[in-house]
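> Keeping their order, the protein sequence lines are chains L and U.
The opening residue of the first sequence carries number 1 in this note's numbering; numbering runs sequentially from there.
The opening residue of the second sequence carries number 384 in this note's numbering; numbering runs sequentially from there.
Heads up, some of the hints might be wrong.
[As the list claims (entries may be wrong)] Only some residues are given here: those of chain U computed to face chain L with a beta carbon under 8 Å: (1) Met442; (2) Ala445; (3) Ala479.
No lab work stands behind these hints, which were simulated from the structure alone.
In this text, a Cβ means the ideal position worked out from N, Cα and C, and glycines have one as well.
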Amino acid sequence: MLVVVLKLLFIVLVIMAAFLPIITWVERKQSAVMQDRIGANRADILGLRILGLFHPIADVLKLFTKEDVVPAGANRVLHLLAPVIAMVPAVMAMAVVPYGGVYRFGQTELSLVVADIDWGMLYIFAVGSLATYGAVLAGWASNNNWSLLGAMRASSQMISYEVTMGLAVVGIFMVYGTLRLPEMAIFQDQTFRLLGFLELLGLVEALPVWLDWIRLPMWGIFLQPLGFILFLTCIMAENKRPPFDAPEGESEIVSGYHLEYSGMRFGLFYTSEFLEIPVIGMIVATLFLGGWAIPFLSQETIIGFVTPVFGEGVATAFCMALHVATFLLKVILMIWLQMSLRWTLPRFRYDQVMDLCWKMILPLSIANVLLTGAAMLWIGGLR
Amino acid sequence: MSVLFFYVFAALAIAGALGMVLNTRNTVAAALSLVVTMVALGGVYVLLGAYLIGALQVMVYAGAILVLFLFVVMLLNLRREEFSPQRQLPTKIAAAVIGLLFLLQFLRLIDGAFGAPAAIPADFGGYRQVGTALFTDYVLAFEATSLLLLAAMVGAVILAKRRID
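Given these sequences and hints, build the entire structure.
Here it is in structure tokens:
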């Protein structure tokens, strides 16, 4: 029990206390750099500005001290509840994502995942599907037509992309043969010969041994490149950030479902949006980028390398720290990718968002499932 | 521990159901009570070891169908007069009759079901078992259902499109 609480505290604190303020800063600073501005650098403590890193503190202080306005005619209870509901799914999804492997310290085994459940991906989908309520309730409870329009856009967008998001990763489930996220990470801790397909095609009898060295890690992004692109698009659309922020659409519907929110209630919507960025990073890193696995360097190799010098306990702890750091590095990479996309692409028009979902991503993900199935049958038949 | 969770989820499900039936002033709140019931039922399924059904319950009912319910309720913008006692009476009688029939059927089912519970295999209710059953024993019913849903979908598109054109 204590171990579970500690594991949960670790990942929640790393994401919420360390990543979240930095991400809000990166959002501003990166946009400034990309648009050739100087950017956030006004907040200072005793004249110290350090690249605007104090801005998150100023943000929080501002949000907490602002007047909390509830519009007349609003449903007070739901208006209060909606931002909280918007926040919950992202925190809940963190429970099943592994941020490290399984480590043996003497008699005890430590598995760095909070809830190691067999239906991990289903859990993520189930929890994620509840995120719609935050936007829908906020829009309705505000008693404002723009808000309701935003809520309607948000709900139809999120429901549509949920369907395609599920289909986009069916291919990866078929390849890994599991929905359990720790098992997926372990599966990706292998390598395959890049030119092995020549043998499969019968073009060469057997590859020369020296070509065995040309290998790739068995990551989802290499096995399911199409699935990766489709899933990333869908899960970013779920987050309702640009280019998929039609539910907010400042130029058309003012600010969408959180138009009537001020102070920390708006802050909760803001936080949940920013919290979903690292959570998306965690999920995508585990599904497609090998999770905590370090390519070409297995756990045994690391432990075997360090043990003669420091002993086995220290070696295992070192390996664990290395894996957690690798995982967080991959999450940071995914955050960077999402941020870059956010500042590169303009907002889609609302019908374009829906067209992309139903006319592009849905057929492509079904084709991906078919192709994956055919390829697996073919490779299996050759063996 | 799991008994405690069961009572929490069961209480939530019952409270949500009562909230939906008894709340005649605010239809949106009634629909939200139904969401609570659906999520709590998902929790009960998970406690029973039916993980796939539990996840699907939350994903499909709470996450998709009830959002659409909620939207219909929100956009209809029902007035108080539409819930006047005269208009509600036939609905109430029908609901009472159906509820009573269900209760009788339920009593018949649990009568004698209180023997020793059968042993559940360790891998019961996972996605592998349900998938295998769907694509072997029940493949005909499964495919027929998918055809039915496809037909319904095409029909809905045609009906909606005619109105737009």
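> Given U/Ala445 was flagged as interface, is its beta-carbon under 8 Å from a beta-carbon of chain L?
6 Å, holds
> Holds or violated: is there a CB of chain L closer than 8 Å to the CB of U/Ala479?
Since the shortest Cβ distance to chain L is 30 Å, the answer is violated.
> Quick one, is the U/Met442 hint okay against chain L at 8 Å, beta carbons?
Constraint on U/Met442 satisfied, holds at 5 Å.
Hint 3 from the earlier list is the only one contradicted by this structure; the remaining hints agree with it.
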